[in-house]
Amino acid sequence: MEILRYAIYRFGTMLLTLLVVSVLVFAIINLPPGDYLSNQIAELQATGQSAGVAKAEFLRQEYALDKPLWQQYMIWMGFMPGPHGFSGMIQGNFGWSFEFDSPVADIVGDSLWLTVLVNLSAVIFVYAVALPLGVLAAARARTWIDYTSAFIGYLGLATPNFLLALILFYYGHRWFDLPIGGLMAPEYEGVPMNWDKVKSILVHLIVPTFVIGTAGASAMMQRLRANMLDELGKPYVETAIAKGMKPSRMLAKYPLRVAFNPFVADIGNLLPAMISGSVLVSVVLGLQTIGPTLLTALKTQDMFLSGFVLMFVALLTLIGTMVSDVLLVLLDPRIRYEGRGT
Amino acid sequence: MRPLLSVENLSIGFGKGDSVVKDVSFAVQPGETLALVGESGSGKTVSCRAVLRILPKVAQLRTGRILLNTRGSELDLATLDERRMRDVRGNTVAMIFQEPMRSLSPLHRIGNQVSEVLWLHGRKSEREARKEVLECFERVGFPEPERTYRSYPFELSGGMRQRAMIAMAMVAKPDLLIADEPTTALDVTTQAQVLGLMKELQRESGMAMILVTHDLGVVANMAEQVVVMHKGRVMESGRAEPMLRTPAHPYTKALFNAAPEIPDEAVVAIPPSRDDLIMEMKSVSKTYTLRASKGWQAPTLIHACREVDLRLTRGKTLAVVGESGSGKTTAARIALGAELPDPGGEVLFRPNPDQPAVTVHSMDRAARTAFQRQAQMVFQDPYSSLSPRMRIQDTLVEPLEIHRIGSRAERRDKAADMLRLVGLSPDMLKRYPHAFSGGQRQRLSIARALMLEPALIVCDEPTSALDVSVQEQILLLLEEIRDRQNLSYLFISHDLAVVARIADEVAVMRRGLIVEQAPPETLFYNPQHPYTKALIAAQPEPDIDRPIDLKMVAQGAGAPDCWPEEFRFNGSDAPRLVNLKHLEPGHKVRCHA
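Chains as they are written, first to last, in my numbering: chain A, 1 to 342; chain B, 1 to 593.
Chain B extracted, bound-state conformation (with noise of 0.2 Å):
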């Protein structure tokens, strides 16, 4: 059979500068799913946009053809001319993009952007233009496509947006589908809604699909045929299951062996020892007030956190595991101080074993100022919270200014063994921070958090920003640090496999309450609340005989009044009602009793 799109030796580059894509071809049968693979910098990007050519405007193609045959027509996208294009685009070709949040134009109806593609392409009237999206919308799972048809992409959340952008691709029903990472910034239950979907519709519709991933996870569930690039240049392709069974190219082992997994098999767990404890959370809430839009109306109360108990020893990681706005930043936010706990919780940390335990939350100036020298933060995304304008030895050495620690010289000594710790070098101080990348950058973050000694980091997502390579290293020297220094961490993620290798103890929390807390080897291996199976089933393995089970992933994802009998909850009263329950010894889950 011919392929639908045969990419044939393409060369991209910028400028004048080297070729970023190097000599690329692939091939994409009708109905099939083809994943691009690789980590950012491989090219992957910019070879799945030159099939529709947008490109920024300066990449160049520099050889190679782009061969489309549809519709009984063969073209080479590659040297089309810009009106016949735009007949591809959208229409035989459409895409869909990395992040729904941006990807939408804020302004306009999602009703008036999607059927603009029908618009666009000529084939409909309005009226039929509409009642073809509304079937669309309610084929992706919108439940009142009329209302969604009104809304502002502003008022739907991650994955709605990418719904909807599901559904503009989908509308025209294209031969071929082209999605770079469209599930990357979404939560890990949602993206596994998104994935089955886009896979169910694929089926219906037959059409083939181009699938950018950095996640061999997703790979393994989605991909007939796999392509991996690294640098611009493919190291291997060929079907999806014998490459993920065996791969052959040392690149693609490299892959698989630095992405995370959940264990699976059981292995006796001990709970951390309570008996030195450096930070304890003491039925801490939080309460949001969100001004109503009208004078009349009772302001909206929102829990971020209710009623929430961590206790981190010393020496030890605690894992706190959500999806966004299930209230794990705002605990962490609170354990740091930069939060006030609702009235009733209480907040203790003891820098030292021998010395009295401070309530964090009402500390006086000296006392806070102390508590900040014992207590640090590493922050998630490494581009932006480095200043751009100061060298890395003002960065590194700013904390020791503020508390007065030191002379110049010893500061500037420290900064360098403080570098030389992380695994960089001591003549990159006088640097700025562009000159690094993200994952130096986190080095460089962690080296800040370490400058004032400190008996505490919190740890905010600290590789969700990274490739999965760079996030191994990461974990390797965040892990060397705690137990060369004896540091703590309370370890703030969405991504159960990371936690699953640094963390002691974990607390998974959803709508501001801890459902389930145990050790990860028992929470994985046992886990005991639909809530946390949703998690780890959704979690895209790289292995294709375990694909995510969505139905598992549906009810525990749901809200909490649909979960099983023993789990249900609803209204604020909840903590109250459903307590959290002792199983085994360090095992808790919120159920009734």
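Bound-form chain A, shown alone (with noise of 0.2 Å):
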């Protein structure tokens, strides 16, 4: 009952967090001088195209664009009548591209779950690497498997990911028969979702996943290994041996519990580093995600599209550091139980 009343607060706490990111949002996209339209009427009054400025001032007034920047915010997140009523975020209108000449919503389709499908077969890649890998090389310190671990996982980070991800196109494609570039095969793009779809995306999936997460994993790996191996000098782990258990059952229940709270918190910031970081690698692998949708929004300052994709990236950030909050106060007792005293 608790928890879920923490959970309800936290979901609060949330969508102030957004509010308030909205605004830095919308304040940084209307920070560079001039926007999207009027950069475009400069150029074609340059060119003396006439019909073009009618149409540019036509939108300028569509999207209330001569409106001040307060009401600007204000009726793009719907909370103020715009020139159509109230149509914004909120209710659901995401805005037009002017770059793509149509709306934002239908640019960023597909992409946004192709997404939020990369980022988190990534984190679960992380952790589904880090957790064994990271617990091994703690109870082995200092052997040749923690060495040979650490050796990977500093290659991993050290290895620029795009580099990574042609040695691994090219490998993949040589030995495995591995697709190369895209997230599924060009046949299926646009066609509702069957199961051939399905089994195309989750092949193509294989190389971006691996890119990805390496670094994430074996960063996350040498902090697990850091954290188990502190757990590991406590007492109460000597109090465990003294009890009889087996080393290994041992290792799950007290250390690997405590040191897992780093680890879980970790969730929240592993979600943006990863998007953030994946524009590249996206580029690169010509992968249908956000990333480069965001890259080219932001070059030619299409304000709506930009803005949509970074309240986007934000909501996503949000949602991994509440999850990873409830999960901590499940976790951990001491939190649960905070002030509540001793």
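Since the hints were made in silico from the structure, they are not lab data. Since the model is a prediction, treat every value here as computed from it, not as a measurement. The C-beta atom is built at its ideal place from N, Cα and C for all residues, glycine as well. The reader is advised that the hints may include incorrect statements.
Here are the simulated lysine to any residue pairs, SDA-like style, with alpha carbons at most 25 Å apart [unchecked claim]: (1) A:253 to B:157; (2) A:253 to B:85; (3) B:57 to A:151; (4) B:124 to B:108; (5) B:316 to B:461; (6) A:234 to B:13; (7) A:246 to B:78; (8) A:246 to A:231; (9) A:253 to B:86; (10) A:67 to A:87; (11) B:57 to A:257; (12) B:124 to B:139; (13) B:16 to A:147; (14) A:234 to B:99; (15) A:234 to B:149; (16) A:234 to B:160; (17) B:430 to B:383; (18) A:253 to B:55; (19) A:246 to B:91; (20) B:57 to A:256; (21) B:199 to B:160; (22) A:253 to B:149; (23) A:234 to B:86.
Partner residues are not named here, just some residues of chain B that face chain A (Cβ under 8 Å, in silico) [to be verified]: (24) 54; (25) 91; (26) 102; (27) 116; (28) 152.
Quick one: dock chain against chain with the hints and give me the complex.
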């Protein structure tokens, strides 16, 4: 019951944070001088295409870009009626992309959930690799197992992601017949979901997951190893051995539980790091994630598109933090009982 | 009779180094208690852990046998394979560790951690185990076993956690219990009660015990057999009684002489004169507000100090004695201006007899800087109170730099002088703290406090982290410096025996109140307050004819509303209801008139 109340409270604070983030995002995308349309108009006027200018002026009014900034923000968010009544983010209208000349929702469409998919599988990869290796490295500290995993880990950390991607593509294709680039075979693009499409996506996911996940996995493995080593020196470990516990069971029950906290707390940090870190990888690998879209949008000052993408990334981050906070409360009685006194 | 456990010619070493335990032999008879006595580094802990083979990975059992005769079979624990060793651990031989705070996992419920012993040794179903654990909890003195079963360690006090540890060790009914300094981290009255409990449980169950301790007082109260260890070797061993009466080995004798004792002869005590006070605390209270976990509940008020009046005469030592949570450290922090007293309290400080007193808690910047030159502190833990990244010279010179005293060369000379004064050599100036032992480090902290030539030093438990023989040396040093430089000490301690030798006046604190105050001779010879009596009774004495009087401890150490009628109080208005009453000159007791 208490945990449910905490989860609701945490959800509330997340919404509040998201509101603050939206102000920041809007401020940041309006920081550079000019906007997409005024740049466009200047360019059109210089080349003397007045028809285009008229269209740009129409769009400017259509999207309330002639209004003061704070009103633009309110209209964008949907807190204030714009030229077409309440029609903003919270009403589900994500705005118009000037660069692609179509609604933002259409452009990001598929890439939204593909982004979630790629990053989620990378996060799962990170945890699946880091957990056993970290524990093993700590339990066998200062043996060849420890040194080998540390060596591979540092190799993973130090190799640039795009280089790793290229290498994996080459050998993956040569030896395992893995596909090169993209997140699905071209014939499935735009086709409704079916079993073959899912299989195609899964096969295409292997290399990106590995590329995006390695650095995170090796960093997390080292952190978990260090935490575990700290815990292994604590007296309660001795107590457990003196009870007659098997080392493997003892390891899983006591030190791992304690060392697990920072591990869980990292979920929140992992998501944003991966999403921003995977932009370059997505460009190199030709993944249809949101990263390349964001890059284009920022370069061309396509404000509604970049605003939406930034908000989406912020939402993922906040959800990650919330999940890790709630998990921590579930895992650690000291946090759960905080303030109740001893 | 064959001994339950016999350790024969045991040698243990770390890595390639010399053996730290050399040729050690001892034997434990069924139902008896063997005390392994020694100072830190004597090898006593390593020897007892070798029995269960819970040693660091680099440790090697080099020679010797550890024979366990139990349940009709003889096992050599030194060579037994891991799987069968696990059957021994927790089942036939159980262990209790020194730090109850850290020896239980913070994330698992007490009940889970204790009943795990029964599950591991495959004897009980979960329900049976639970029932047995609850019985055991009741036996070790938990008032609500069910509740304890569900609690987490951080919800229990130190004494209660050690009881949980004892329950964990006892629940499988082992033949041998190894207790590694089980009460060192506890307050003296808690220690007395835990020792009493262990002895009682032992009598009931008939198990044998190895008690590792540095405290001869604990030995005298608990042991039938004693093994004295020093630098990895057995110095003397035999039955406790003759050895405690007439120790044969010079090292044992030295240990006895170093053990501080509460004097029990009446000496005519002269209370220090009151005409030249260096520090005066007048009705100082300190209340902390603990935020409630739920927004609508009223915050909890914690009265750390209530109406504390203390007066320290120049050149004398005033000791404040009490258990953890009694408010003694808060009082010291207020005296140094590190905390503000609640409105109405006042702390006056007079650095020179001919100067007017300054009020410590309302000083401007300049006055505060001047005050800090005059009042310094020596901390409890010499291991964490010196920066590991600063050379001794830098540590010692730093106060002079802060106060811009002297030139570079003068500062360095002064640091060298101070090292000589505390009994170290000036060529140690270039070393880092890790190159010093605990006792040497405490000398360094004293030297640092002396660098500014203060008039007042607050010593916060300066010897409680040290071995007995080192403690003796540090106390001697403090006395010598005090008399030579006319220093005044405010001495905070939980140990009455330490206070007995250094203090000119003692104030006993309990729950933020001073309950009794007198010169040490008066206080120890003629204690009036039940809590003072409990403290004195709980002090384990290395005298086999004076066992701890548990009844007296239990009565005095209980809550203030269980004290005899004339001392009883409860609630937060206690200081106004029950006053400190003068019994004789310089002897005050908090009781109803």
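Q: May I ask which of the numbered hints given earlier this structure violates, with the numbers listed in increasing order?
A: none
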